[in-house]
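UniProt numbering puts the first residue of the sequence shown at 1, with every later residue one more than the last.
It should be emphasised that the hints constitute simulated quantities derived from the structure, not laboratory data. In this text, all values refer to a predicted model and were calculated from it rather than measured experimentally. Where a beta carbon is used, it is the ideal one built from N, C-alpha and C, also for glycine. One thing to keep in mind: the hints can contain errors.
Cross-link-like lysine to any residue pairs, in silico, SDA-like; alpha carbons within 20 Å at most [what the hints assert, rightly or not]:
| hint | residue 1 | residue 2 |
| --- | --- | --- |
| 1 | LYS130 | ASP186 |
| 2 | LYS402 | PRO335 |
| 3 | LYS511 | MET527 |
| 4 | LYS232 | ILE205 |
| 5 | LYS402 | GLN440 |
| 6 | LYS250 | ARG204 |
| 7 | LYS164 | SER191 |
| 8 | LYS136 | ILE205 |
| 9 | LYS512 | ILE490 |
| 10 | LYS485 | GLN440 |
Label pairs and their in silico Cβ distance ranges [to be verified]:
| hint | residue 1 | residue 2 | range |
| --- | --- | --- | --- |
| 11 | ASN317 | ASN381 | 17 to 27 Å |
| 12 | SER134 | ASN270 | 20 to 30 Å |
| 13 | SER456 | THR650 | 51 to 61 Å |
| 14 | ASN317 | LYS402 | 48 to 58 Å |
| 15 | SER231 | GLY139 | 21 to 31 Å |
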Amino acid sequence: MPAPIRLRELIRTIRTARTQAEEREMIQKEFIVEFGTNAIHSLSEYNHFYSSMIQPVKSDLNHSTQYVQGLALCTLGCMGSSEMCRDLAGEVEKLLKTSNSYLRKKAALCAVHVIRKVPELMEMFLPATKNLLSEKNHGVLHTSVVLLTEMCERSPDMLSHFRKLVPQLVRILKNLIMSGYSPEHDVSGISDPFLQVRILRLLRILGKGDDDSSEAMNDILAQVATNTETSKNVGNAILYETVLTIMDIKSESGLRVLAINILGRFLLNNDKNIRYVALTSLLKTVQTDHNAVQRHRSTIDKVTREKALSFALVNGNNIRGMMKELLYFLDSCDPDFKADCASGIFLAAEKYAPSKRWHIDTIMRVLTTAGSYVRDDSVPNLIQLITNSVEMHAYTVQRLYKALLDDISQQPLVQVASWCIGEYGDLLVSGQCEEEEPIQVSEDEVLDVLEGLLVSNLSTPVTRGYSLTAIMKLSTRFSSMNRIKKVVSIYGSSIDVELQQRAVEYNALFKKYDHMRPALLERMPIMEKTATNGPAEIVQTNGETDSTILDTKHLPSITQPASQANDLLDLLGGNDVVPVIQITVPTKPASAGGELLDLLGDLSLTGIPPMTAYNKNGLKIEFTFERANPNPNIAVITIHATNSTEADMTEFVFQAAVPKVCSFPSSSSCY
Numbered sequence: 001m002p003a004p005i006r007l008r009e010l011i012r013t014i015r016t017a018r019t020q021a022e023e024r025e026m027i028q029k030e031f032i033v034e035f036g037t038n039a040i041h042s043l044s045e046y047n048h049f050y051s052s053m054i055q056p057v058k059s060d061l062n063h064s065t066q067y068v069q070g071l072a073l074c075t076l077g078c079m080g081s082s083e084m085c086r087d088l089a090g091e092v093e094k095l096l097k098t099s100n101s102y103l104r105k106k107a108a109l110c111a112v113h114v115i116r117k118v119p120e121l122m123e124m125f126l127p128a129t130k131n132l133l134s135e136k137n138h139g140v141l142h143t144s145v146v147l148l149t150e151m152c153e154r155s156p157d158m159l160s161h162f163r164k165l166v167p168q169l170v171r172i173l174k175n176l177i178m179s180g181y182s183p184e185h186d187v188s189g190i191s192d193p194f195l196q197v198r199i200l201r202l203l204r205i206l207g208k209g210d211d212d213s214s215e216a217m218n219d220i221l222a223q224v225a226t227n228t229e230t231s232k233n234v235g236n237a238i239l240y241e242t243v244l245t246i247m248d249i250k251s252e253s254g255l256r257v258l259a260i261n262i263l264g265r266f267l268l269n270n271d272k273n274i275r276y277v278a279l280t281s282l283l284k285t286v287q288t289d290h291n292a293v294q295r296h297r298s299t300i301d302k303v304t305r306e307k308a309l310s311f312a313l314v315n316g317n318n319i320r321g322m323m324k325e326l327l328y329f330l331d332s333c334d335p336d337f338k339a340d341c342a343s344g345i346f347l348a349a350e351k352y353a354p355s356k357r358w359h360i361d362t363i364m365r366v367l368t369t370a371g372s373y374v375r376d377d378s379v380p381n382l383i384q385l386i387t388n389s390v391e392m393h394a395y396t397v398q399r400l401y402k403a404l405l406d407d408i409s410q411q412p413l414v415q416v417a418s419w420c421i422g423e424y425g426d427l428l429v430s431g432q433c434e435e436e437e438p439i440q441v442s443e444d445e446v447l448d449v450l451e452g453l454l455v456s457n458l459s460t461p462v463t464r465g466y467s468l469t470a471i472m473k474l475s476t477r478f479s480s481m482n483r484i485k486k487v488v489s490i491y492g493s494s495i496d497v498e499l500q501q502r503a504v505e506y507n508a509l510f511k512k513y514d515h516m517r518p519a520l521l522e523r524m525p526i527m528e529k530t531a532t533n534g535p536a537e538i539v540q541t542n543g544e545t546d547s548t549i550l551d552t553k554h555l556p557s558i559t560q561p562a563s564q565a566n567d568l569l570d571l572l573g574g575n576d577v578v579p580v581i582q583i584t585v586p587t588k589p590a591s592a593g594g595e596l597l598d599l600l601g602d603l604s605l606t607g608i609p610p611m612t613a614y615n616k617n618g619l620k621i622e623f624t625f626e627r628a629n630p631n632p633n634i635a636v637i638t639i640h641a642t643n644s645t646e647a648d649m650t651e652f653v654f655q656a657a658v659p660k661v662c663s664f665p666s667s668s669s670c671y
């Protein structure tokens, strides 16, 4: 790199430039040379620079002029490295004991930096802290409290040691709130609010989990809470710190009620930041002081973002009244809040619903009010709720059908309604609703609505999938078979791959496996909420069952022909299928109906733990898995069927079907 030229030569060179472009090029070239030279010099001297700084700073700390010493303390407190702090901690500790207030406050802040850099030096400053709180100078008091706070937060031993200073801190705080006007420390009519806030924070740390310390500060906290002016933001800051201190220590119940009342006044403040602070604090205390927070419910309901707190106030006694307020808020709140509010309403209704009909009505209100904002995971949860409310099926499908006639823009509403119509369309047409006056609906009218959803521009691909599946399920509930076949065949060439795949599968059922269609499309059983360790758990997606289902209500009473199950394998992509293994186990009689089917499941046996596939009515079926030693690509599945009843089970047949990529051995063992 060429050496930089002198200033006069640079000026002379620039003057010779003929254009501005040449002038800028000369300046830029010289700048790069100068910068590179300085950077290399700085990097090579970096370590030497810090090591050479220690001695000058140490000399300045021992200087006879306080301002030089103060500048050295500021330098060390702002940019001192761990090595510098370790070497100069002794000088800082000496200045912390001096009688000069100017140096003591700077030394206290410098000690905070030293402790943060080298925590093991904390005990060095312990003797110097004895007389710090006796200082009259507010600057020294402020920095001393900061130093004590840092030491208490970093060391449990220091925390125990400084708890004896609580009475002294209480006296200082009392003098501050009782003192008259002091122009040097007054801020909006309050004496030194910065020092008050610092003392309150230190008291919160010292009183947390300690009965004696908490008892010693109860009175002063009550005085601060009642004597602080709230017309200015300065007073609100002190009150907020007071509330946090009261909530963290072991305070009296009356004092906690006073703190919650302060937060209630904050909710009425015009400043949004103060309202937000109040809400955040109330959410933290609602579990421990529920009744005290309930007194401010009317105030909470008037504020926009308070509905998050309102959910915490809901219980079994006030669920009806609170839900009316929440639904009213859902109808009028900003779109940003609708998703959270809807989810909160669903959870509260599920937990405290007084009746199933009330629960269904509440869900309907949410879906019709803010359906587009309902989260995707809410749809399967709502379907599960409806499925498990057996006595409400006719009422629910009628309400959802009416809602579809009024509005099809709310996609979660449309999805839930489509699923219910597909499951309980026969109840809708027959008019079996006892909860309210039944409506007269024909099969063609129901199919018109579902077909309208398929062609609507408002429908999403997921919604169209729900609608097509609903139409397919109605083929076993309605007599309009030809119309349903026509609709399904049309969507076999849809540009939507998911919709096309469904239509092709349904067409295959009509053409090749029509004898199996009623069993495949029968109503969903009640879905259990508790998770199991096997495939008996039912996962609801788009109105279909994802997992293999065994139900004693539908166990076959006679042996199904193996050809039927083999035909099922054709649907998975080929004709060269492996015969289905039939295992006959001495069991007691089971009820008739259904097959064990999984149309498009891809069965992967890698890493599956032992699972209970079925456990009802005394019949328990367990699967265990292991890899064959000679060939790790072969998985050995052992099926254990256990009869816990006194009677024998007979004519029990187990059928299994797998995709083409899997194969069964030609024989099986039964034991």
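Verification of the hints:
For a cut-off of 20 Å, the pair hint linking LYS130 to ASP186 is broken: about 28 Å separates their Cα positions. With a C-alpha separation of about 25 Å, the suggested pair LYS402 and PRO335 falls outside the 20 Å cut-off, and the hint is violated. Under the criterion of a C-alpha separation no larger than 20 Å, the hint pairing LYS511 with MET527 is inconsistent with the structure, at around 31 Å. At most 20 Å may separate the alpha-carbon atoms for a hinted pair to count; LYS232 and ILE205 exceed this at roughly 26 Å.
Straight-line distance between C-alpha atoms of LYS402 and GLN440 comes to about 11 Å, which keeps the hinted pair within the 20 Å bound. For the proposed pair LYS250 and ARG204, the alpha carbon gap of about 10 Å is at most 20 Å, so the pair holds. With a C-alpha separation of about 25 Å, the suggested pairing of LYS164 with SER191 is violated against the 20 Å cut-off. Distance check on the hinted pair: LYS136 and ILE205 sit about 23 Å apart at the alpha-carbon level, beyond 20 Å; violated.
Under the criterion of a C-alpha separation no larger than 20 Å, the hint pairing LYS512 with ILE490 is consistent with the structure, at around 18 Å. Between LYS485 and GLN440 the CA atoms are separated by roughly 25 Å; this puts the pair beyond 20 Å, and the hint is violated. Roughly 25 Å separates the CB atoms of ASN317 and ASN381, a value that falls within the hinted 17 to 27 Å. Between SER134 and ASN270 the CB atoms are about 42 Å apart, so this pair departs from the stated range of 20 to 30 Å.
For SER456 paired with THR650, a C-beta distance near 52 Å keeps the hint of 51 to 61 Å intact. Our hint of 48 to 58 Å for ASN317 and LYS402 is violated, since their Cβ atoms are close to 32 Å apart. With their beta carbons about 27 Å apart, SER231 and GLY139 fall inside the hinted range of 21 to 31 Å.
In summary, the numbered hints that this structure violates are 1, 2, 3, 4, 7, 8, 10, 12 and 14.
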